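Chemist: All chains should be built: construct the whole structure from the sequences, respecting the hints.
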Amino acid sequence: MADSIKRTGVMVITLVLAYIVLALPNQITTLGHPGEWLPPLELPLMLMALWYIPHRLRRLPASLLAVSLVLVLLLKLADMVALQAYWRIFDPVADWRLLGPGWNVLSGTLGAGRAWLLAAALAAILMLVLGLMVLGWRSLARVVSPEHSKRRRVTLWSMVAALLLASMAVTLSPDAPPAAKTSRLVVEHVMQSRQNLQDLAALKEHAGHDPVAQTPARELLSGLKGHDVLFVFIESYGRTALEDERYTGVMRSRMKAIDSELGRSGFGARSAWLTSPTVGGQSWLAHATLQSGLWINSQRRYNWLMDTGRVSLARLFGRAGWQTMAVEPALTAEWLANRYFQFDRVLDARNLGYEGEPFNWITMPDQYTYSALQHLALAGTDRAPVMAEIATLTSHAPWTPIPPLIDWSDVGNGRIFNQWASSGDPPDVVWQDSDRVRAQYLKSVDYALQTLASFVTHYGDDRLVVIAMGDHQPASLITGEGASMDVPVHVMTRDASVLQRFDEWGWRSGMLPDQSSAHWGMDALRERLVEGFSAP
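Sequence positions in the sequence shown follow our numbering and run 7 to 542.
Since the hints were derived computationally from the structure, they do not count as laboratory data.
In this text, all values refer to a predicted model and were calculated from it rather than measured experimentally.
Please note: incorrect hints may appear among the correct ones.
Claimed, not checked - Cut-off 25 Å, straight-line C-alpha distance, at most; resulting in silico cross-link-like pairs (SDA-like, lysine to any residue): (1) K449 with T387; (2) K449 with T281; (3) K231 with E510; (4) K449 with G255; (5) K231 with A385; (6) K82 with P31; (7) K449 with L138.
As the list claims (entries may be wrong) - Have a look at the derived ranges for each label pair, beta carbon to beta carbon: (8) A207 with V22: 23 to 33 Å; (9) V193 with G488: 18 to 28 Å; (10) D520 with D468: 23 to 33 Å; (11) R252 with G418: 17 to 27 Å; (12) R442 with A207: 42 to 52 Å; (13) W122 with W511: 47 to 57 Å; (14) I34 with L66: 34 to 44 Å; (15) V193 with S69: 22 to 32 Å; (16) V22 with R252: 39 to 49 Å; (17) W511 with L124: 39 to 49 Å; (18) E361 with R252: 33 to 43 Å.
Where is the CB? At the ideal position from N, CA and C, for every residue including glycine.
Modeler: Structure below.
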């Protein structure tokens, strides 16, 4: 009797778990919608399929059903994260490579100990669910068998048929989600993978056509000869920062202040919009898009690009006589991707010389990065012009703590920043309040732009050209729903002829682009620059 009650309890729990998994939406924003939790069509069909199998052969199919449900649960949870962070569904083929960067952000936000505890708890819960599912579905497989009475079999089949009819009936409501939504979701993922492969094939064909790579070296980028050209990626700096009313007050004041600061030092600025290939993260996709002139919007495309002969922007500058370098303070190990980019020199966390404490997982503040670049690469006049790509970090999540801008002469080896490296509430406290997270985001982007402008006016000379852009919009926690994938882009220089070319392209004067400003894909910038600044 006790065993029968226990088996019944396990089966009930299994059916409840299966209902939850199949009805569960894959978007956090729809979790509270009652229509999402209507009876799933798949559950009665799964039971019917299992019971149609001869009794002695049901054990393996029952276990496979249990494993499949756990995999569906993982897929939906992964979709929730991907949709919240990257505004797209999860790609099982490519997105596993995000585990490392994701872990860095998680451990930097919660602390390593809590992150490991959370990971262990999730793993334990999944194993428990899997165990219950396997045990429960095997029990369900034995519920209907030839040994049982006809009355019992008819009763169980009637209950399943009633559930099937209920599942079909509720889909007739105009507000109900489509029938068999979990099956549709799985099909959507399969179709996405197929479409990604087709798109990649088209990209490969397009990549072979690259006229700017054939430009003779003597003509290549001749309009920028003698200039230090810095491509600065400002982390998480998106269009929302300049247009969302929650941020515009601070940001517009900052941009006006920067315009004044640049003007006093003889610099002019032009601004426009770029559409980034990514959102919420995966900054390397934006970097690869700029460098290759191709739309690199997925890890799959990025992996393919790394093994191609497509000529990077860095290689084009190198052919034209620039010393090229990548400034990557986030890197703590050898950068294998440079086998494609082919920068002459890579400055990273190991050789930038920072001796201060990290700001959570942020290795160093932006001001130190710029200071190190100046002293390691830009100081002195008896050198080749420098082309550098700089990926700043301070405006990367978790956006706390944020140091103040200090006098450049005090930066030194970076130890002066220790006093702010652990200041204020830690990320796990700040991230309990969405408004505080948004406030810290605003503070970090404001700091990033203030520091860049200060670097330009403090160290910049007549040959400096800075092209600064956001790498991507931040996650929807910051932007809200329905935001674009656009990022601002700015050029700063004293060279009037360089500014004139950007004027011709429709870039707006000053640091604030508007609706009339030029709007390109980030992949267009490489070709525009090479064609626009190379001799005919």
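Chemist: None of the hints should be skipped; say for each whether it holds.
Modeler: Verification of the supplied hints:
no. : hint                       : in the structure
1   : K449 with T387             : 36 Å, violated
2   : K449 with T281             : 23 Å, holds
3   : K231 with E510             : 20 Å, holds
4   : K449 with G255             : 12 Å, holds
5   : K231 with A385             : 18 Å, holds
6   : K82 with P31               : 7 Å, holds
7   : K449 with L138             : 47 Å, violated
8   : A207 with V22: 23 to 33 Å  : 45 Å, violated
9   : V193 with G488: 18 to 28 Å : 26 Å, holds
10  : D520 with D468: 23 to 33 Å : 29 Å, holds
11  : R252 with G418: 17 to 27 Å : 36 Å, violated
12  : R442 with A207: 42 to 52 Å : 46 Å, holds
13  : W122 with W511: 47 to 57 Å : 50 Å, holds
14  : I34 with L66: 34 to 44 Å   : 35 Å, holds
15  : V193 with S69: 22 to 32 Å  : 24 Å, holds
16  : V22 with R252: 39 to 49 Å  : 41 Å, holds
17  : W511 with L124: 39 to 49 Å : 48 Å, holds
18  : E361 with R252: 33 to 43 Å : 37 Å, holds
The earlier numbered hints that this structure contradicts are 1, 7, 8 and 11.
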